[in-house]
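Trainee: Here are the chains, one letter per residue:
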Amino acid sequence: MTRSRRRVPARPVVALLTDFGLSDPYAGQMKGVVASLAPEARILDISHGVPAHDILAGALYLDASLPWLPLGCVIVAVVDPGVGTTRRLVGVESRGRLVLAPDNGLLSLLLTRGGVDGAWVFPSQDMGSATFHGRDIFAPLAAALAKGQPPRERGQPVDPGTLVILPGLDPVLDGDRLQARVLHVDRFGNLILNLRIGEYGAMLGAAHGVAMDMPRAPRIVRAATYAELPPGALGLLAGSQGFFEMAMDRESAARSTGLHPGDAVTLVLSGETAAGPDRIPGVVSER
Amino acid sequence: MTRSRRRVPARPVVALLTDFGLSDPYAGQMKGVVASLAPEARILDISHGVPAHDILAGALYLDASLPWLPLGCVIVAVVDPGVGTTRRLVGVESRGRLVLAPDNGLLSLLLTRGGVDGAWVFPSQDMGSATFHGRDIFAPLAAALAKGQPPRERGQPVDPGTLVILPGLDPVLDGDRLQARVLHVDRFGNLILNLRIGEYGAMLGAAHGVAMDMPRAPRIVRAATYAELPPGALGLLAGSQGFFEMAMDRESAARSTGLHPGDAVTLVLSGETAAGPDRIPGVVSER
Amino acid sequence: MTRSRRRVPARPVVALLTDFGLSDPYAGQMKGVVASLAPEARILDISHGVPAHDILAGALYLDASLPWLPLGCVIVAVVDPGVGTTRRLVGVESRGRLVLAPDNGLLSLLLTRGGVDGAWVFPSQDMGSATFHGRDIFAPLAAALAKGQPPRERGQPVDPGTLVILPGLDPVLDGDRLQARVLHVDRFGNLILNLRIGEYGAMLGAAHGVAMDMPRAPRIVRAATYAELPPGALGLLAGSQGFFEMAMDRESAARSTGLHPGDAVTLVLSGETAAGPDRIPGVVSER
Numbered sequence: 061m062t063r064s065r066r067r068v069p070a071r072p073v074v075a076l077l078t079d080f081g082l083s084d085p086y087a088g089q090m091k092g093v094v095a096s097l098a099p100e101a102r103i104l105d106i107s108h109g110v111p112a113h114d115i116l117a118g119a120l121y122l123d124a125s126l127p128w129l130p131l132g133c134v135i136v137a138v139v140d141p142g143v144g145t146t147r148r149l150v151g152v153e154s155r156g157r158l159v160l161a162p163d164n165g166l167l168s169l170l171l172t173r174g175g176v177d178g179a180w181v182f183p184s185q186d187m188g189s190a191t192f193h194g195r196d197i198f199a200p201l202a203a204a205l206a207k208g209q210p211p212r213e214r215g216q217p218v219d220p221g222t223l224v225i226l227p228g229l230d231p232v233l234d235g236d237r238l239q240a241r242v243l244h245v246d247r248f249g250n251l252i253l254n255l256r257i258g259e260y261g262a263m264l265g266a267a268h269g270v271a272m273d274m275p276r277a278p279r280i281v282r283a284a285t286y287a288e289l290p291p292g293a294l295g296l297l298a299g300s301q302g303f304f305e306m307a308m309d310r311e312s313a314a315r316s317t318g319l320h321p322g323d324a325v326t327l328v329l330s331g332e333t334a335a336g337p338d339r340i341p342g343v344v345s346e347r
Numbered sequence: 061m062t063r064s065r066r067r068v069p070a071r072p073v074v075a076l077l078t079d080f081g082l083s084d085p086y087a088g089q090m091k092g093v094v095a096s097l098a099p100e101a102r103i104l105d106i107s108h109g110v111p112a113h114d115i116l117a118g119a120l121y122l123d124a125s126l127p128w129l130p131l132g133c134v135i136v137a138v139v140d141p142g143v144g145t146t147r148r149l150v151g152v153e154s155r156g157r158l159v160l161a162p163d164n165g166l167l168s169l170l171l172t173r174g175g176v177d178g179a180w181v182f183p184s185q186d187m188g189s190a191t192f193h194g195r196d197i198f199a200p201l202a203a204a205l206a207k208g209q210p211p212r213e214r215g216q217p218v219d220p221g222t223l224v225i226l227p228g229l230d231p232v233l234d235g236d237r238l239q240a241r242v243l244h245v246d247r248f249g250n251l252i253l254n255l256r257i258g259e260y261g262a263m264l265g266a267a268h269g270v271a272m273d274m275p276r277a278p279r280i281v282r283a284a285t286y287a288e289l290p291p292g293a294l295g296l297l298a299g300s301q302g303f304f305e306m307a308m309d310r311e312s313a314a315r316s317t318g319l320h321p322g323d324a325v326t327l328v329l330s331g332e333t334a335a336g337p338d339r340i341p342g343v344v345s346e347r
Numbered sequence: 061m062t063r064s065r066r067r068v069p070a071r072p073v074v075a076l077l078t079d080f081g082l083s084d085p086y087a088g089q090m091k092g093v094v095a096s097l098a099p100e101a102r103i104l105d106i107s108h109g110v111p112a113h114d115i116l117a118g119a120l121y122l123d124a125s126l127p128w129l130p131l132g133c134v135i136v137a138v139v140d141p142g143v144g145t146t147r148r149l150v151g152v153e154s155r156g157r158l159v160l161a162p163d164n165g166l167l168s169l170l171l172t173r174g175g176v177d178g179a180w181v182f183p184s185q186d187m188g189s190a191t192f193h194g195r196d197i198f199a200p201l202a203a204a205l206a207k208g209q210p211p212r213e214r215g216q217p218v219d220p221g222t223l224v225i226l227p228g229l230d231p232v233l234d235g236d237r238l239q240a241r242v243l244h245v246d247r248f249g250n251l252i253l254n255l256r257i258g259e260y261g262a263m264l265g266a267a268h269g270v271a272m273d274m275p276r277a278p279r280i281v282r283a284a285t286y287a288e289l290p291p292g293a294l295g296l297l298a299g300s301q302g303f304f305e306m307a308m309d310r311e312s313a314a315r316s317t318g319l320h321p322g323d324a325v326t327l328v329l330s331g332e333t334a335a336g337p338d339r340i341p342g343v344v345s346e347r
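First to last, the protein sequences are chains Y, L and U.
First residue of the first sequence? That's 61 in this note's numbering, and the numbers climb one at a time after it.
First residue of the second sequence? That's 61 in this note's numbering, and the numbers climb one at a time after it.
First residue of the third sequence? That's 61 in this note's numbering, and the numbers climb one at a time after it.
Some clues are possibly wrong.
No distinction is drawn between identical chains; accordingly, a pair holds when it is met within one copy or between any pair of copies.
To be verified - Straight line, CA to CA, 20 Å or less: simulated SDA-like cross-link-like pairs of lysine to any residue: (1) K207 with D236; (2) K207 with G156; (3) K207 with T222; (4) K207 with P69; (5) K207 with L319; (6) K207 with L294; (7) K207 with R155; (8) K207 with M274; (9) K207 with R66; (10) K207 with R67.
None of these hints come from the bench; they were simulated from the model.
Remember, it's a predicted structure, so these values are computed and weren't measured experimentally.
For reference, chain Y alone in the conformation it holds in the complex:
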């Protein structure tokens, strides 16, 4: 039996994360529904710019953004190519927030990180349109839960271990080779890797050097900030999203390396320093 740590705040907050973009009126219609049902609630856009149908990027956005959102808020996450099919509509409580999402892997990074204090399956059939559950099912549910209705009054508890987790999310260490993966390329061309700072900071800090196993790959410079990287150098930084990222100063690391979201990246770590793990510049404890 899980124990809820979520306290409903004085002012309800509904935070939205979707792949709807902002060109169409879809996000606006979701907000209209929340505003109609919870006039007092704050509506907060995490982003509507998850690349269309990119569940992996959505999983990153969600995991990286959750700790910065108000305690007690309800997060609606919709990257849902299977809308209207039998995929389940679920909610999980994590670190004092409640997240509603399709059960298609979007919760993967939250689930593998741990700290889930409850999960529910909500009914999703025969309600509203068949193609826009974000507006017709998620939004009214979020409004009710944000105002304080307990999830158990709307759904059935479920074992979080039964929720879908995307395959291939874990890095693999093979000798001195660390096989990682690009989770996302951001606006600035920074490559966010599936290497959590909390888990890989010591290893990467202890390595004497880090190189990338790619033809003509530049040597990797470990740095704390973009601006301290020499022109043209590829940096490995403890990024702001809780993961290591490869970046350049005022240039696109994605364009320079040719790497895309989902691509594999092999980092070659050279001999540890005698003095033991150094602290990699810029590694701060995660929130």
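Add chains L and U to chain Y, keeping to what the hints say.
Mentor: Showing chains L and U alone in chain Y's frame:
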């Protein structure tokens, strides 16, 4: 004499729909003005991504979004290539909301749908800048009306029948051929047609089959959800915006068909079923 | 000794201006922090679409938007390629609002315009992540100041004359030739020049004619609105952002002229009218 059905809500709501995009600070400045004049109001973005100067798409966004916005709200709709000219600045009350817009066809779908309970013309000359009425005329007017000032105190009543309606918005049925039009292509490449679900659902549901009169056009599959479409199939769905749409599963129907906004589409309906109108999958009553 | 004119409003307002874009969750995380620390505050997006690392465009957005924001608000402006380096983190009070920004030139147009009633330097080292000061330093600082904490409790007063101003921002008048510069190209292709309406309105209005010193440059038509420009004509208008702009009616002046942000533009003014300065159409006094 029309009779207002609009009730001003406890918390005023101003909803914005423009073609300003979000790269420039234009939408932000409009919001700044509303926030200055109505500090207690909620400001809700329907979208600022109407394609530049695309009055037809704006008309769709407006008609499709209005029912999902809080009752009593004021909607400011600005797609206004004729800003600063003699085009009128008008307001209509529709289904319990008040919509402010240039009188250039942006209200077309609201007007042809019916349910207009009042219309006003507002003064627009000699106020603020000549090129940004959205910020300098619409925003302060919206703030005042959202807070409860009656429209008649700011403008003159006008016959809704005198407002501009875009030509060519009505589909034409000619024997078994239904001539429709693409109103908008959304982010996912879905083609939204000018076929209201409420008006054309029975006809399209009753047809034994639906084809598109285009060289090499794929057969059209009627479906309720994107995910039930076979790979590469073009679906006809009762979409979430109140209109039928042509779509594919995780592919762009626009790219596949080469159709663009405004293009004509001829649907060929084959013999009705003996049993009479079937219910087309996914057709739900409109809100 | 400067004297603050800022009054903290009943409802705190934090306005955000960044080059983060809206595809990534960065702006959303900043808002999450503000919402966590100041639940009662309104959060207002000026724009997150400043072109990446374009400090000049950011300076324009800031100067053009400030007068339209609620009095007493706190504005966070982040276009910050030097994040994590020794560039200072500063605040200035201007026309009743408080602006927080990196000291990299982003405040240039505010500073050259005058009306600065105070400036402070805030500590920026050893706080949060090294690469996302917008979320980790600016946002919590803004929340505190928006709620009423005086800037002097968080930072040290500084002479505004020591703050960084971008070079080359002033137009140069050489005989009948006015050397200007493109500050920004907006969504509609309008070219916003570094010619403040208040400073250059009389000169441009008095000129008999204005031409552009460019091969094959079209003659420039002075106009008050886009719609009054003949097809294909390049207009010079007193724009809505406080500066003159070159524009076309429903066409992109940027595409037509080939001009880009930062480019130099030389306007050739022909003989003043005998009657003295005419009023250029559409010139209104700045707010």
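Trainee: Each hint needs a verdict: does it hold in this structure or not?
Mentor: Results of checking the hints against the structure:
For the identical chains of this complex, K207 and D236 are neighbours neither inside a copy (51 Å) nor across copies (51 Å), given an alpha-carbon limit of 20 Å. Taking identical chains as interchangeable, the C-alpha atoms of K207 and G156 lie at most 20 Å apart only when both belong to the same chain, with a minimum of 15 Å there against 25 Å between chains. With identical chains, the CA atoms of K207 and T222 are never at most 20 Å apart, being 28 Å at best within one copy and 44 Å at best between copies. For the homomeric pair K207 and P69, the shortest alpha-carbon distances inside one copy (9 Å) and between copies (19 Å) are both at most 20 Å.
When the C-alpha separation of K207 and L319 is checked against a cutoff of 20 Å, the pair qualifies neither within a copy, at 43 Å, nor between copies, at 44 Å. For a Cα distance limit of 20 Å, the shortest separation of K207 from L294 qualifies neither inside one copy, at 47 Å, nor across copies, at 41 Å. In the homo-oligomer, the alpha carbons of K207 and R155 lie at most 20 Å apart inside one protomer (18 Å), although the nearest pairing across protomers, at 27 Å, exceeds that limit. Proximity of K207 and M274 under a CA criterion of 20 Å is satisfied in neither setting, with 52 Å inside one chain copy and 51 Å between copies.
In the homo-oligomer, the alpha carbons of K207 and R66 lie at most 20 Å apart inside one protomer (12 Å), although the nearest pairing across protomers, at 26 Å, exceeds that limit. Only within a single protomer do K207 and R67 lie at most 20 Å apart by alpha-carbon distance; the minimum there is 11 Å, versus 23 Å between protomers.
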